[in-house]
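A.B. asks: These are the residues of each chain, in order.
2 protein chains.
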Amino acid sequence: MGILVVGTVALDTVQTPFAKVKNILGGSAAYFAVSASFFNKVKLFSIAGKDFPRKFINFLQSRDIDIKGLLIKKGKTFRWSGRYTYDLNSAETIKTELNLLSHFNPHLPLDYQNEKFVFLANIDPHIQLKVLKQLKAPKLVAADTMNYWIEHEKAALKRVIKRSDILILNDSEAREFSQQANLIKAAKFLLTLGPRLIIIKRGEFGCLLSSRTSLFYVPAYLLENVLDPTGAGDTFAGGFLGYLAGCQKVTETVFRKAVVFGTIMASYVVEDFSLNRLERLNKKDIEIRFKDFQQMTRF
Amino acid sequence: MGILVVGTVALDTVQTPFAKVKNILGGSAAYFAVSASFFNKVKLFSIAGKDFPRKFINFLQSRDIDIKGLLIKKGKTFRWSGRYTYDLNSAETIKTELNLLSHFNPHLPLDYQNEKFVFLANIDPHIQLKVLKQLKAPKLVAADTMNYWIEHEKAALKRVIKRSDILILNDSEAREFSQQANLIKAAKFLLTLGPRLIIIKRGEFGCLLSSRTSLFYVPAYLLENVLDPTGAGDTFAGGFLGYLAGCQKVTETVFRKAVVFGTIMASYVVEDFSLNRLERLNKKDIEIRFKDFQQMTRF
Numbered sequence: 002m003g004i005l006v007v008g009t010v011a012l013d014t015v016q017t018p019f020a021k022v023k024n025i026l027g028g029s030a031a032y033f034a035v036s037a038s039f040f041n042k043v044k045l046f047s048i049a050g051k052d053f054p055r056k057f058i059n060f061l062q063s064r065d066i067d068i069k070g071l072l073i074k075k076g077k078t079f080r081w082s083g084r085y086t087y088d089l090n091s092a093e094t095i096k097t098e099l100n101l102l103s104h105f106n107p108h109l110p111l112d113y114q115n116e117k118f119v120f121l122a123n124i125d126p127h128i129q130l131k132v133l134k135q136l137k138a139p140k141l142v143a144a145d146t147m148n149y150w151i152e153h154e155k156a157a158l159k160r161v162i163k164r165s166d167i168l169i170l171n172d173s174e175a176r177e178f179s180q181q182a183n184l185i186k187a188a189k190f191l192l193t194l195g196p197r198l199i200i201i202k203r204g205e206f207g208c209l210l211s212s213r214t215s216l217f218y219v220p221a222y223l224l225e226n227v228l229d230p231t232g233a234g235d236t237f238a239g240g241f242l243g244y245l246a247g248c249q250k251v252t253e254t255v256f257r258k259a260v261v262f263g264t265i266m267a268s269y270v271v272e273d274f275s276l277n278r279l280e281r282l283n284k285k286d287i288e289i290r291f292k293d294f295q296q297m298t299r300f
Numbered sequence: 002m003g004i005l006v007v008g009t010v011a012l013d014t015v016q017t018p019f020a021k022v023k024n025i026l027g028g029s030a031a032y033f034a035v036s037a038s039f040f041n042k043v044k045l046f047s048i049a050g051k052d053f054p055r056k057f058i059n060f061l062q063s064r065d066i067d068i069k070g071l072l073i074k075k076g077k078t079f080r081w082s083g084r085y086t087y088d089l090n091s092a093e094t095i096k097t098e099l100n101l102l103s104h105f106n107p108h109l110p111l112d113y114q115n116e117k118f119v120f121l122a123n124i125d126p127h128i129q130l131k132v133l134k135q136l137k138a139p140k141l142v143a144a145d146t147m148n149y150w151i152e153h154e155k156a157a158l159k160r161v162i163k164r165s166d167i168l169i170l171n172d173s174e175a176r177e178f179s180q181q182a183n184l185i186k187a188a189k190f191l192l193t194l195g196p197r198l199i200i201i202k203r204g205e206f207g208c209l210l211s212s213r214t215s216l217f218y219v220p221a222y223l224l225e226n227v228l229d230p231t232g233a234g235d236t237f238a239g240g241f242l243g244y245l246a247g248c249q250k251v252t253e254t255v256f257r258k259a260v261v262f263g264t265i266m267a268s269y270v271v272e273d274f275s276l277n278r279l280e281r282l283n284k285k286d287i288e289i290r291f292k293d294f295q296q297m298t299r300f
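So the protein lines, in turn, are chains Z and H. FYI, in the numbering used here the residues of the first sequence are 2 to 300. FYI, in the numbering used here the residues of the second sequence are 2 to 300.
The following block holds chain Z by itself, in its conformation from the complex (with noise of 0.2 Å):
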């Protein structure tokens, strides 16, 4: 079964300790959209502006997304531009301009509304609400959200967590919602809201998913050189929705697998700018760091 996404897409602007880079590809639904479409078809809807480079709109086609809801309208497009220090486990944001998005009222082409595997990726709660009232029946829905979300409109927060299957969020925003320090208890006060599935992710310390009656933990996939984190948790949320998309059942072992391909996804694509690195990747190299996880984590 396809997929799809709803959320942003970007022109970042980046600075790491390595590098500054302007006007790259970012945004939650495009780095989700590259990374799930090594696993399934994908359609994508967002909004972009005039300013948005041909070239990323190739890119992506030629992932064969369908971005027939790929909006582009007159304006200019989201842009973020942050900064990392040496600690590259968060990014500081230096500037966020909205433009376009500010006015985005999603309307889901129809066989957008048929898609049965759902993520609404990080973007206004609202936004996210409208989309869920336009599936026709909808299979598997995953959150994302944010901090400034957590902080501004919770009340619309929590509907879209009721009505979603698996809710996945940073450590930090999982303690933030839900006010509790301890991981366990964060994931256990989550649960109550409606999710079948609480997923925390902790940057380069892995993630956990948790369940009603099963808690799994995974490692990262450590690397040598890291470039830039940008994009890295949408990627492992494409990894983990793509896989899940092409299994028959979804069980706790499927569950744990697509994890596990999230984590692969996510320690590929951050050891580039951008979506650089999965540009040249196939699937291959992702068969053999997903042996080569099992082997570093088999005991």
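There may be inaccurate statements among the hints.
The list makes no distinction among identical chains, and a pair is therefore deemed to hold if it is satisfied within one copy or across any two copies.
[Claimed, not checked] Computed list of lysine-lysine pairs in DSS-like fashion (alpha-carbon distance at most 30 Å, straight line): (1) K186 <-> K258; (2) K292 <-> K186; (3) K186 <-> K285; (4) K186 <-> K284; (5) K155 <-> K77; (6) K21 <-> K189; (7) K292 <-> K250; (8) K258 <-> K292; (9) K186 <-> K21; (10) K250 <-> K51; (11) K285 <-> K189.
Keep in mind that the hints were calculated from the coordinates and are not lab data. Every value quoted in this text rests on a predicted model; they were computed, and no experiment measured them.
Since the structure of chain Z is provided, determine the placement of chain H on it from the hints.
C.D. replies: Showing chain H alone in chain Z's frame:
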């Protein structure tokens, strides 16, 4: 085969957001010995003063630990006092009183010199070197250290490391020693100093085992309630070496299982102050959590 540990016994004063406890049993050798005693016979070599409470000696003996080498001298026992905030991952040292430890000149009893498995717990590397010289035919030596010795006694520490099979240290120490922010690079550097195995502990984020030919990642066993993280690293080392010493052959598979047993022991010790949790622990608890952990990490 039995195990020899050389390190400190201490009277600790520990303050956490939950409680403050005074003059409790602490010290690297004490934590290690009690943890390893669940797996094997342990000989403890250390020094304490007349102020060292009889009940602590009784407890060590109740664990069947050979304390012939615990020298009780006129004077005061080593004391450490520290504080944790809600981020329980790192302690702030309030005060260190070396007391008798500053004149500690180790002379191992004869049967101690013949031990095959040796843990040089965190202590002045000059003492570690003196111990190394007295060993007749060690089969496997593991060494731990701390930032203070890296900063003030690096040359002596390097000689200890050169003669050790395994170096166990935490992430910040590995980074400081190697001058590498990246842990894989840090481990590679440390391997050039002599040991065939480097174990980098990452607190609540698990640990990393690195040899010249393989890597092993293991997440920590997450807990809902951590009361006091003091001694987690030495307790880890105790489970690790305790399990190793009981194995016929020390293979990669055995190393990995040993790391997991170390992880399990550490997960128990932090559930209470001092060694209180291990005092009411049994072999069955260890087996149960080991299986639990297997279940929580398998994919």
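A.B. asks: Next step is simple, just say for each hint if it's right about the structure.
C.D. replies: Status of each hint after checking the structure:
Taking the closest pair of Cα atoms, K186 and K258 come within 30 Å of each other both inside a single copy (24 Å) and across two copies (28 Å). In this homomeric assembly, K292 and K186 come within 30 Å of each other (Cα to Cα) only across copies, at 22 Å, whereas the closest approach inside a single copy is 32 Å. Proximity of K186 and K285 under a CA criterion of 30 Å is satisfied inter-copy only: 26 Å between copies versus 38 Å inside one chain copy. Only between protomers do K186 and K284 lie at most 30 Å apart by alpha-carbon distance; the minimum there is 28 Å, versus 37 Å within a single protomer.
In this homomeric assembly, K155 and K77 come within 30 Å of each other (Cα to Cα) only inside a single copy, at 28 Å, whereas the closest approach across copies is 57 Å. Taking CA atoms no more than 30 Å apart as the test, K21 paired with K189 passes between copies only; the shortest distance there is 29 Å, against 40 Å inside one copy. In this homomeric assembly, K292 and K250 come within 30 Å of each other (Cα to Cα) both inside a single copy, at 22 Å, and across copies, at 26 Å. Taking the shortest Cα distances, K258 and K292 sit within 30 Å of each other both inside one copy (11 Å) and across copies (20 Å).
Taking the closest pair of Cα atoms, K186 and K21 come within 30 Å of each other only across two copies (24 Å); inside a single copy the shortest separation is 39 Å, beyond that limit. Within a single copy, K250 and K51 get their C-alpha atoms no closer than 42 Å, and across copies no closer than 67 Å, so neither meets the 30 Å cut-off. In this assembly of identical chains, K285 and K189 lie within 30 Å of each other by CA distance solely across copies; the values are 27 Å between and 37 Å within a copy.
Comparing the model with each numbered hint stated earlier shows that hint 10 is the single one that does not hold.
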